[in-house]
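Novice: Okay, here's what each chain looks like letter by letter:
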Amino acid sequence: MKWETVIGIEIHAELKTKSKIFCGCPTDFGGDVNKQTCPICLGLPGSLPRLNKEVVNLAIKAGLALNCKINNVSKMDRKNYFYADLPKAYQISQYDYPVCTGGYVDIDLDGEKKRIRINRIHIEEDPGKLIHLQDEPFTLVDYNRSGVALIEIVTEADLRSPLEAVQYAKTIKSILEYENISDCRMEEGSLRCDANISIREHGDARLNTKVELKNINSFKELQKALEKEESRQRELYDFNESYKVIQETRRWDSSKGRTISMRKKEDAHDYRYFAEPDIPKLVVDDETIRQIEETLTELPSDKKARFIEDYKLTEKEAEILVGEKSLADYFEEVIKFGLSPKLIANWVLGDLMKLLKVQDTNIGSIPIKAQDISELLKLIEKGDISGKIAKDVLEEMFNTGKEPTIIIEEKGLKQISQGNVLEVIVDTVLEGNIKSIEDYKAGKEQALTFLMGQVMKETKGQANPVMAKEMLLNKIKIV
Amino acid sequence: MKIDQMTMEDIRSGLDTKKFTAKELVQSVYKKISEVEDQVEAYITLSEEEAYKKAEEIDTAIEQGEVLGPLAGIPIAIKDNICTEGIKTTCASKMLEDFIPPYDATVVKKLKDAGAIIIGKTNMDEFAMGSSTENSAFKVTKNPWRLDRVPGGSSGGSAAAVAAGMAFMALGSDTGGSIRQPAAFCGVVGLKPTYGLVSRYGLVAFASSLDQIGPITKSVKDCALTLDVIHGFDPKDGTTKSVKNATSYLNEIEKGIEGLRIAIPREFFPSTLDSQITNEIMESMFMLKGLGATIDEISLPITEEGLSAYYIISSAEASSNLGRFDGIKYGYRSDEYEDIEELVLNARTEGFGKETKRRIMLGTYTLTSGYYDAYYNRAQKVREKIKQQFNDIFKKYDLIISPTSPVLPFPIGEKIGNPLDMYLSDIYTISANLTGLPAISLPCGFCMEGLPIGLQIIGGPFSESKILRAAYALEQELGLGNGVAVIKEAKR
Chain A
30 MKWETVIGIE IHAELKTKSK IFCGCPTDFG GDVNKQTCPI CLGLPGSLPR
80 LNKEVVNLAI KAGLALNCKI NNVSKMDRKN YFYADLPKAY QISQYDYPVC
130 TGGYVDIDLD GEKKRIRINR IHIEEDPGKL IHLQDEPFTL VDYNRSGVAL
180 IEIVTEADLR SPLEAVQYAK TIKSILEYEN ISDCRMEEGS LRCDANISIR
230 EHGDARLNTK VELKNINSFK ELQKALEKEE SRQRELYDFN ESYKVIQETR
280 RWDSSKGRTI SMRKKEDAHD YRYFAEPDIP KLVVDDETIR QIEETLTELP
330 SDKKARFIED YKLTEKEAEI LVGEKSLADY FEEVIKFGLS PKLIANWVLG
380 DLMKLLKVQD TNIGSIPIKA QDISELLKLI EKGDISGKIA KDVLEEMFNT
430 GKEPTIIIEE KGLKQISQGN VLEVIVDTVL EGNIKSIEDY KAGKEQALTF
480 LMGQVMKETK GQANPVMAKE MLLNKIKIV
Chain B
5 MKIDQMTMED IRSGLDTKKF TAKELVQSVY KKISEVEDQV EAYITLSEEE
55 AYKKAEEIDT AIEQGEVLGP LAGIPIAIKD NICTEGIKTT CASKMLEDFI
105 PPYDATVVKK LKDAGAIIIG KTNMDEFAMG SSTENSAFKV TKNPWRLDRV
155 PGGSSGGSAA AVAAGMAFMA LGSDTGGSIR QPAAFCGVVG LKPTYGLVSR
205 YGLVAFASSL DQIGPITKSV KDCALTLDVI HGFDPKDGTT KSVKNATSYL
255 NEIEKGIEGL RIAIPREFFP STLDSQITNE IMESMFMLKG LGATIDEISL
305 PITEEGLSAY YIISSAEASS NLGRFDGIKY GYRSDEYEDI EELVLNARTE
355 GFGKETKRRI MLGTYTLTSG YYDAYYNRAQ KVREKIKQQF NDIFKKYDLI
405 ISPTSPVLPF PIGEKIGNPL DMYLSDIYTI SANLTGLPAI SLPCGFCMEG
455 LPIGLQIIGG PFSESKILRA AYALEQELGL GNGVAVIKEA KR
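Respectively, the protein sequence lines represent chains A and B. Everything in the first sequence is counted per my numbering, starting at 30 for the first residue and increasing by one. Everything in the second sequence is counted per my numbering, starting at 5 for the first residue and increasing by one.
By construction, these hints were calculated from the structure, which means they are not laboratory data. All values derive from a computational prediction rather than experimental measurement. Treat the hints with care, since some could be wrong.
Claimed, not checked - DSSO-like cross-link-like pairs, simulated, lysine-lysine; straight-line CA separation at most 27 Å:
| id | chain 1 | residue 1 | chain 2 | residue 2 |
| --- | --- | --- | --- | --- |
| 1 | A | LYS64 | B | LYS333 |
| 2 | B | LYS116 | A | LYS310 |
| 3 | A | LYS31 | A | LYS45 |
| 4 | B | LYS113 | A | LYS64 |
| 5 | A | LYS64 | B | LYS358 |
| 6 | A | LYS104 | B | LYS248 |
| 7 | B | LYS358 | A | LYS82 |
| 8 | A | LYS82 | B | LYS143 |
| 9 | B | LYS116 | B | LYS36 |
| 10 | A | LYS104 | B | LYS385 |
| 11 | B | LYS399 | A | LYS82 |
| 12 | B | LYS57 | A | LYS310 |
| 13 | B | LYS333 | A | LYS108 |
| 14 | B | LYS248 | A | LYS108 |
| 15 | B | LYS399 | A | LYS310 |
| 16 | A | LYS398 | A | LYS386 |
| 17 | B | LYS35 | A | LYS108 |
| 18 | A | LYS310 | B | LYS385 |
| 19 | A | LYS365 | A | LYS341 |
| 20 | A | LYS45 | A | LYS341 |
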């Protein structure tokens with residue numbers, strides 16, 4: 030039987046706000062346990078939430094970037110459930126009137142575009158974090174995360190394979206990063222995915238029983254978990270119709286490489302949603318939406334197309350540059366100094382990327398100023414230094430942050446192009462290697478290479494190679 | 005004049021003219037407490053150390069001729085569901101028996117900044133659920149006018165403390181009448197402000213969309229003076245509003261009621277209503293007419309539907325608000341449990357009283373998905389309908405006048421076993437909570453047994469000034485001791 034996989038994804042993204050969603054506590058990651066808390070985010074009796082306006086604006090921005098309708102009126106709701114990391118015993122979220130509805134995003138599948146529909150984006154608060162102690166009969170709670178602002182982006186069931194799902198998640202991540210909505214640090218939990226997956230016979234329009242996979246925080250694990258769950262369901266259906274998939278929530282155990290049941294639908298929670306009485310309705314006027322729209326920057330897909338068009342870069346080059354916003358920004362900053370985009374791309378994607386990788390540095394914190402790297406490239410073009418020396422200078426710039434001219438000056442790396450200086454050196458080399466001259470004259474080409482090597486050695490690589498070669502050949506003929 | 009019969013106004017002038025010091029005042033209040041508290045049992049916690057410290061500060065300030073806050077030196081009490089930094093806030097529940105908040109409620113901060121001295125925290129029905137102050141986990145407060153009667157609820161401790169001269173003002177909270185009904189039962193003035201006029205930050209929530217903090221005082225003027233201090237927009241409470249032309253309520257109070265249009269809902273005077281209540285309210289009505297107001301009888305029909313809607317909505321919100329009391333993060337923890345589920349179960353079973361548990365169960369049930377539309381949603385629709393009715397009335401009228409309670413202070417124990425009967429005593433007060441409208445209760449007379457009768461005035465949104473003007477005019481006309489209710493010594 031031919032099966033088709035149907036996947037829907039919910040992405041939780043932590044918003045890049047300075048303070049929490051309902052109080053002024055900081056949102057910094059990794060602070061001392063329970064230090065970033067107050068009566069409000071601890072749910073102390075009598076405390077009240079007050080909605081951080083920045084949260085609403087960022088959620089609207091996400092909606093605009095994902096082509097959603099922004100609702101002029103939405104509201105916050107209480108989702109009641111008991112869990113140890115949830116101090117109020119309810120989570121403030123949005124239920125029937127979210128801030129954004131009905132959008133889409135185009136994903137790139139090997140050069141082909143596919144449109145994935147977004148059902149909604151809503152605002153909610155993060156709970157605290159449980160710390161399960163090994164071999165101890167108790168669990169500790171860190172409330173620093175409690176009240177950190179999240180948006181949840183929910184797709185329609187438009188994805189058809191684990192690969193599509195991953196491509197979708199990557200696209201969302203890059204958009205959120207581009208628009209400065211979220212840090213998307215998956216390892217810190219600021220971007221997490223839940224995936225709903227079911228399979229059905231090809232051509233069947235109705236959705237089959239789905240399984241929800243919870244809290245996956247890397248693209249690799251997302252793909253592995255979905256692939257495993259996909260094959261588990263297929264095996265079940267292929268084996269016997271009566272072994273049907275049951276609706277449940279499963280978690281991915283990456284060490285065991287399989288999904289494990291967390292809870293069945295029978296004990297699915299009744300969240301007893303109702304309108305949050307402590308927070309007035311969210312009213313956003315069109316003018317505010319328009320102002321937020323103006324802050325949107327170019328999306329990665331548009332930027333890539335522009336790089337290929339305007340800078341004549343290859344598909345691959347453009348993709349790598351656009352992949353990280355700070356890299357693309359850096360690239361464009363260097364371009365401003367009037368060099369060939371192709372030359373810059375070669376250096377940025379080649380030597381600079383290599384240095385970043387070796388030093389494990391992020392492009393965002395690169396110590397080389399755009400002006401300095403453009404200066405370096407101009408020196409090569411002028412012939413002041415050789416390409417080979419430039420690589421060393423670049424490394425030095427990377428390590429010290431110094432300007433290229435200063436490095437070249439300090440280390441005396443400037444190319445020797447003055448004829449009289451070079452002539453003395455060439456003469457010395459020739460005098461000391463009479464045998465090589467004879468070899469060359471006898472037709473041994475590599476003898477010239479050796480002589481060039483000697484000139485370079487004498488000048489510590491600073492000799493202008495074109496001039497040196499010409500001079501050698503002339504003098505050999507004379508000699 | 006005996007100190008315990010003074011109003012806040014009298015105290016301010018007494019302090020200013022150095023007839024007595026703040027310290028002497030505090031001493032006399034604690035002396036009074038030592039005399040009558042044993043019988044009245046209005047307080048859960050007394051905060052003597054803090055009170056004397058504050059009194060000394062005030063006295064020093066007076067000596068140095070500093071400009072004092074409007075409540076400087078006035079001994080007050082706070083209902084025990086309003087957070088006070090460093091002073092226990094129990095909500096009259098075992099669950100929060102040892103809870104010491106690390107912060108002040110906004111109203112408490114405002115009172116302190118105005119110079120008020122906190123004498124203690126008053127008894128109440130657990131988590132403000134009840135109409136008699138018999139649902140406290142710690143004690144049953146008695147009505148100072150007759151000790152075998154309830155003081156009303158849930159702010160019974162606050163009303164009794166003021167009525168017995170153990171505080172000159174006490175804050176209460178009003179979710180369905182919890183300020184006005186005990187004020188009526190204890191013969192004092194109680195105001196529930198418009199929802200959003202006074203910050204709820206620091207009030208341990210019962211039903212967030214209905215709760216409102218307000219003052220209980222001996223006189224209408226004291227009520228206005230307190231409202232001047234505690235009202236206003238609070239960035240910590242998103243539901244508060246800043247009132248335009250926020251003038252002093254006190255300054256407006258003597259402007260009279262000439263031309264005010266008053267409506268009387270005939271449904272509030274059924275033939276079954278105690279004739280003494282009917283008579284006293286009617287007499288007040290004629291007084292108001294004599295002062296230049298016009299009076300019309302109107303129809304306001306759905307009061308019983310409103311009562312049902314009120315109990316569904318308030319219980320639903322309560323079930324959510326009380327979810328955080330799990331025996332782990334706060335207060336009461338059971339001694340016996342095997343695992344976390346049993347720990348929470350036992351803590352909630354043993355930590356909450358009967359009435360609280362009844363409402364949590366009712367609220368949880370009505371919010372459950374299968375019943376949501378039949379109960380919660382319908383209740384919200386009724387609420388909208390009631391709002392509409394009141395809207396219509398306030399297009400034509402300035403004020404609505406009714407009895408505060410359909411019953412006189414009832415004997416302790418009489419209704420505690422019959423919750424539905426108890427709930428009926430809120431029937432005249434809940435509308436103001438469902439609609440968010442301001443309403444005041446003031447004493448308008450006494451029945452033959454010497455028990456006070458309360459009159460309620462409801463106004464349109466943020467019409468506190470008008471309500472206080474009418475209440476003050478009536479208070480003067482009734483001649484209630486030159487604005488001072490006569491406090492009888494508690495009977496032994």
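Novice: Taking the hints in turn, state whether each one holds.
Specialist: Okay, the hints, checked on the actual structure:
1. A:LYS64 - B:LYS333: holds, 16 Å
2. B:LYS116 - A:LYS310: It is violated: about 32 Å lies between the C-alpha atoms, which goes past 27 Å.
3. A:LYS31 - A:LYS45: violated, 44 Å
4. B:LYS113 - A:LYS64: Holds: B:LYS113 and A:LYS64 sit about 24 Å apart, inside 27 Å.
5. A:LYS64 - B:LYS358: violated, 37 Å
6. A:LYS104 - B:LYS248: The given pair, whose Cα atoms are some 26 Å apart, holds under the 27 Å limit.
7. B:LYS358 - A:LYS82: Violated, at roughly 41 Å.
8. A:LYS82 - B:LYS143: violated, 45 Å
9. B:LYS116 - B:LYS36: holds, 22 Å
10. A:LYS104 - B:LYS385: holds, 18 Å
11. B:LYS399 - A:LYS82: At roughly 35 Å apart (the allowed maximum being 27 Å), A:LYS82 and B:LYS399 break the hint.
12. B:LYS57 - A:LYS310: Status violated; Cα separation ~44 Å.
13. B:LYS333 - A:LYS108: Holds, at roughly 20 Å.
14. B:LYS248 - A:LYS108: violated, 35 Å
15. B:LYS399 - A:LYS310: holds, 26 Å
16. A:LYS398 - A:LYS386: holds, 18 Å
17. B:LYS35 - A:LYS108: The hint is violated at about 50 Å.
18. A:LYS310 - B:LYS385: holds, 18 Å
19. A:LYS365 - A:LYS341: Given pair A:LYS365, A:LYS341 holds - Cα atoms ~16 Å apart, limit 27 Å.
20. A:LYS45 - A:LYS341: violated, 34 Å
The structure is inconsistent with the numbered hints 2, 3, 5, 7, 8, 11, 12, 14, 17 and 20, although it conforms to all the rest.
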